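Asker: Protein chains in written order, with our numbering: chain X, 1 to 561; chain B, 1001 to 1330; chain P, 2001 to 2316.
Please keep in mind that the hints were generated in silico from the structure rather than gathered at the bench.
Quick partial rundown of chain B residues pointing at chain X, CB under 7 Å, derived from the structure:
| no. | residue |
| --- | --- |
| 1 | Pro1097 |
| 2 | Leu1098 |
| 3 | Leu1116 |
| 4 | Arg1117 |
| 5 | Thr1291 |
| 6 | Ala1292 |
| 7 | Leu1294 |
Think about it this way: if two alpha-carbon atoms lie no more than 20 Å apart in a straight line, the pair counts; the simulated SDA-like pairs of lysine to any residue are:
| no. | chain 1 | residue 1 | chain 2 | residue 2 |
| --- | --- | --- | --- | --- |
| 8 | B | Lys1093 | X | Ser359 |
| 9 | B | Lys1093 | X | Val444 |
| 10 | X | Lys233 | P | Asp2090 |
| 11 | X | Lys448 | P | Phe2032 |
| 12 | B | Lys1105 | B | Tyr1300 |
| 13 | B | Lys1297 | X | Ser313 |
| 14 | P | Lys2060 | X | Asp80 |
| 15 | B | Lys1297 | P | Ile2160 |
| 16 | B | Lys1297 | X | Leu308 |
| 17 | X | Lys118 | X | Ala502 |
| 18 | X | Lys454 | P | Tyr2054 |
| 19 | P | Lys2060 | X | Pro230 |
| 20 | X | Lys233 | X | Asp80 |
This one's a predicted model, so the numbers in the text were calculated from it and none came from an experiment. Note that CB positions come from ideal geometry on N, CA and C, so glycine has one too.
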Amino acid sequence: MIDRRTFLRLGALLGGSTSGTRFLEAMTRIQPAAAGAGAAAVPAAGTAPAAGTLPFPPVDPDARRGGTLRAGQMVGRMEDPATYSWNEMSNQTRPILEYLTMVGPDNVLRPMLMDWWKPSSDLKTWTLHVREGVMWHNGEELSAEQVAWNIRRWTDPTLGSSNLGLATFAALTELTDEAGGKRVQRPLTNGVEVLDTHTLRLNLGKPVLSVPEDFAEYPTHIAHPSFRAPLSKHPLGTGPYTLAQLRVGERCILKRVTRTTDGREFRYWGGDVYLDEIHFYHFEQENQTAALASGSVDATYELPIEELELAQSIPGAQISSVESAQTLCCRMQVDVKPFDDIRVRRALILAADNGAIGSLVFGQYGSAAANYHVAPVHPEYFPLDPIARDVREARRLLSEAGHENGIDLTITVGNNDGPWQQSACEVLRDQVKEAGIRLAVNVVPATKYWEIWKSAPFAATSWSHRPLGTMALSQGYRTGASWNETHFSDAAFDRALAEAEAILDVAARRLKMREVERILRDACVMVQPFWRPVFILASSKVHGYRPHPARQMQLTKAWMS
Amino acid sequence: MSRLAVSPPRGTFAMLVALTWGPLAGFVMLAPALGGATRYALLPAIPAVAALYFLTVARCRRSRIAVIGMSLICFWLLIAVSVPFMHLLDPDKPIAPLALPGTVKHGVFFLLGSDLRGRDMLSRTLWGSQRILVWGITSTATAYLVGAALGLIGGYMGGWWDEAVSFLGNVLMSFPVMVLLILILNLLGQSAFNIIIAVTCSSAPLIMRIVRGLSLDAKSRGYIQAAETRGEHPLYIMLVELLPNVRRPLIIDACLRLGYTTVAITTLTFLGLGLQPPDPDWGLMIKEAATAALLWKYSYMLIIPALSVSSLILGFNLLADGLNDLELRA
Amino acid sequence: MRKLLARRLLQMVLIMLTVSALLFAIFDSDQFRRRIAVAELGGFGVATLSERDYHAWMAKKGLDKPFPVRYLGWLVRIAHGDLGVSLEKDVAVSTLLGESLEHTAVLGLFVFVFMVPIALALGMLAGVLEGSVLDRVISVFSIATTSIPQIATAVLLTVILALGLNWVPSKSAMLEGWSFRELILPLMTLLLYEVGYLVRMTRAAMTEVMAAPYIRTAILKGLPMGRVILKHAVRNALIVPVTLICLSLNGLLSQVVVVEVFFQYSGFGRMLLDAANFGDIEVLQAATLVAVCVAVLSQLLSDVAYVMLNPRLRLA
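Construct all of the structure, not just a fragment, from the sequences and the given hints.
Answerer: Listed below in C-alpha cells is the structure:
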C-alpha cells in the first residue's frame, strides 16, 4: 500500500496521466498537446473551467465559507513583484497576483494561469497556452499579450529583477557589445512571440529544461500591463483577493473580491474561495509561536525545529511538516589549501555521519542527504548507494596526505536561516574529532556572512528549495556559475549536466542524473548532511494551509472552521 | 567606622580587588583563545574574594545593609572565580530541551531545568555570572578612568581644556542613555569589547562632572597651592595630591554605577546589541526564554536569570546605601 | 532666568547640529550602505549583484552622493519641515515619528499620572514617619524595585500576572485596536522602577527637611503636625523630587525601549531600535534629534523648576 505522496510522485515521474481521480489528470508534469489528456474542451470566457484542470487540492465539501485567517509573518513592502527579495512579500501578494504555474506542497508542478505547454525537441522553443476564462479584477480577460508583457519586463536589465537569474529568462537575453567595450545584457529581439489571444511562444537562446518551474518562482507574479510601482497603490490581479491595507512592518489586510472595478460580478477562475479576509500581522521569527499561543494569530510562517517541542504543548494547535530540498552545504573550496588535496576532503566526508547529523538536529524529521545536492523530493532523483562512515579510512587518507597528527580546520557559519545551521556544524565537529580533524566552528553574524560566503574556504551555506534537481546543480556547481562557492570545475560534470538538462522525459533524465550525481559525490566538494524539514504551526481551526518546501503560503483554498 | 585590631596596610583593598578582577577578566577574555588550562589562573582569586569579603564586613560591621549587599556581591564573585572548577554540565551543549527543574530527562538530571535548546540552566546561570561581572566591572572601571582623567584635566587646568571637555560631556549627556548606547553599539558592531566603549561614553560624562567639581573645589585648598609653589608638574599634582582626596565619594558612586552598568549590559544583551550567543549571559538567557514564555510551566527559564541579575544589582545598591549610611554617621 | 533659557537653547541647537553631522558621517560609510542593501535585497541577492547594478541601485535610492551634499540637502529639507522617507518602511518619517511618539506619550502619560502621586505620597510618608515600621517597609520596597532592572520586572510581572493568573494579556501588540488592558504590564513595569527611585529621593529630602530647625520651631510653637507638614515641610521637600520628575522625562525615553521591545508595543523606543538595526538613516536622524530635544528640554525644565521652587535662588 503506497501512500498518497508516493502515488503522486510516481504519477509525475512516469510523465503521463495515471488512472485515478480526475484531479490526478491535471497533476502530471508534462502534458503534450498530442496526448490531450488535460486539454479539455475550451470553455467560453467568463464561465467556470472544467473541473479537474485546477491546480488546487480537493477541498472538504463541508468547508465553511466566511471568516478571517490571521497569519503571523514579517510584513514587508509590496513595491514591484519582479524585484521581490523576501518570500514574505510574495506570501502577501500571492492571493492577489498569481503565477503561470504552481508548485504544490508535494513538489509537484501544476498548471495555474497557463494550462499547457509544449517544448520543441531541442528545448529551445516553448509554446505556452494561457488558460481561458481567467478574469482580472477590472473585468478583462487574461490574454497571451499580457503574459508576454510581463516576461518582456522581467528581461529588461534596467529593472534589476532577480528573475534574470532564472535559466528561462536568462536564456531570453543575450550579451551584446556596447560602445566602449563593455558587454551588456539585452533582451533577445524575438524572444517572446505572441501567436494568438491565448498562445505565446518563447524562443530561447539556449535549451532550458525548467521553463515551467521557473514560472512558479516567487518573483514571477503576473501583473496587469497597467501596473505601476508600488503595487500597494494599484493592486490589480487575477487572484481572488485584493489589498485593503498595507502598513509595512505592521499589517497587511487582504479582502476577497466580489465585484470587478466596473461593478460586474467577479468570477474567480479557480472556483470557490472560502475566506472573506486574510490578515498578515508582523511578528518576528522568534515571536511567532508565542503570538499563536496567545491567540493573536491563527497560523505562522514557519516553526523552527528548536520550538517544536514547545509548540506541541500549545493546546489547540496543529503542527505539520513536509520534506523539502532545503539543505546545508558545508562546502570546501577545491582550489585552496588544504582542501585542494582530494584526500583531505574525502577524509572529512568519510569521518562524518550524515544520517546522525540529521537525526541529532531534526530528530525523526528530515532525511539524510549524500553530498550530491539532489533530493528525494526531486522528480529526477536517482538514489546512489550510500557511502558508510569510515573513520579508519579517513585517518589513513589524512596521513597519506601528510597530516599524520590530524589537521586543524575552521568552518564559518552565519545562521542565516536559524541556529540549526550552527547545531549541524557542532555535531559535525564532534564527529570528525575521531578522525583527528580538529574543527572549530566560527559563528559570524548573519549579515556578515553574506560578505564572505564566497571567499571563505570552508563554510556552511544554507540553500533553499528548488523544484528540480538540476536547478541547484546548475546554479552552484557548473564551471563559473554565479553561485559556485566551491570553485568546482569539471568538464565531465558540465557535460553530463548539460545532457541531463536536455532530456525532457523524467525517467530518462533520472538515469542520466545517476552519472551527474556520481561525479559530484566522488569529487567530494562538501558535506551536505540532510534535507531540512519545513514545519508550520496553525490553530486547529485552520484548514487547507499546508507546509510548503519553499515556504510559500498558498492560502487560496484555505478555510476556517 | 569600627576598626580592626590591626589596620590593614594602605592599598590592601585595592590590591584584593585587582587580584580578583585581574584573573577573572583574563580568563573571560582569553580563555576562548588559550584553552581551558587558563582556569588555573583563577586560583589566587578565590582566597582574594574571601579576604575581600571579610575585610569589608569587618570595616562595615555597623551597617547591616552594607553587609548584606557585600554578601550578595561576594556570593556571585565567588561563583564566578570558582565555576571552572565545579563539575557542571557543559553550558553550551544541547542535551534535552525543556526539562523542568528538578527532573530527569534523557537520563540527565537538571537541577534548574534546561532551556529551549536543551542546555542546562544551572551551569548557564553560574557561567553567566562571570560574563556579567567581568564586563560590568571592566566597563565601569574604564568609565571611571576616562571620566576622572577628563574631570581632572578640566577642573585643574581650566581655560580651553575645561571648555572642550565640558562641551564633549554635554553632547554625550544630551542623549537619553539607551539611545546613546544603541547608536554606539550599532555603529561599532555588537561585541563585548564595544560594550565597554559604549558604557564609557554614557557614564564618563557624569563622572567627569563630579570629578571636575571636586577638583575645582580642591584647587583652592592649601596643599595644592603648596605643591604649585614647590613647582611640581601639573600631572604630579593631579595624580598624587588631588586624586586621593576625591576618592571617598567616588567609591560610593562606584558601587551605584556598577549597579547601573549591570542593568545596562543586561538590557543591551536582551536587545541583541551586546554579547552574542552562545555566550551564557543572563540577558541572553532572558531573550531566548522570552520566545518560550507561553506557558506557566516554562516560566522558570525567565525567572532564574531575572532573579540572578536582580540579586547582583541589589547587592551593589545595598552596599552603596550602607556605605553612604556609614559616611553620614561618621 | 531669560539668560539661562537662551543659553540652554543655543547649546541645544549646537549639540543637535554636531550630533546630526556625526551620525550622517558615520552612516555614510560603505559598510552601512551594504547593510541596507542586504536588508532590502536579501543576502543571496546582494552577493550576486554585479558592481554596476549595485551602484545603479544605490543611485536609485539616492545613496551615492557624497556626504556633504547629502547632509546639506537634509538640513535644507529639515528647515522646510520635511523629515524624509524611511528606507525600510517606505513611509514619511514624520508620520512614523508622530505615531510612535504618540504611542510612547500615551504610555508616558499614564506612567506620570500614576507615578507622581504615589511616589510623592509614599516618600513623604516615609520621611515624616522616619524610623517606623512603615518607613522601613517603604524603604525596602524602594530599594528592591530600583535594584531589579526593567527587563527582570517585565519578566516577573509577565510570569505572575499573565501566564500564571491570566489576568492580563502577555503582549501589547494592540492588533485589535487600542485597549488599556494590554497597556497594564508595560505600565506596571515602568512604574515600579520609577516609583522606587522617586520614593527614595523624596524620603531623603523629607527627612532632611523634617530635621531642619524651622520645622522643630514650628512644632515647639504648638502648631498641629498636619499644618506643619503641609504648609512648611512639603513645600521645601518638593524641590528635589520635582526636579527629578522633570528629569525623568529623559529617563523615560531610555527605559521605554526595552519595555516596548519586550511587550511588542509599537512606540518610539522600538522604532529607534528597528531603525538602528536596519541602518535607516533618515528615521535615525529624526529620532535622535527628538531624543536630544527631549533630554535638553527636560534638563531645562528641571533647572527652571529648581530655581522657581527654591526661594533662596529665586530671590537671589
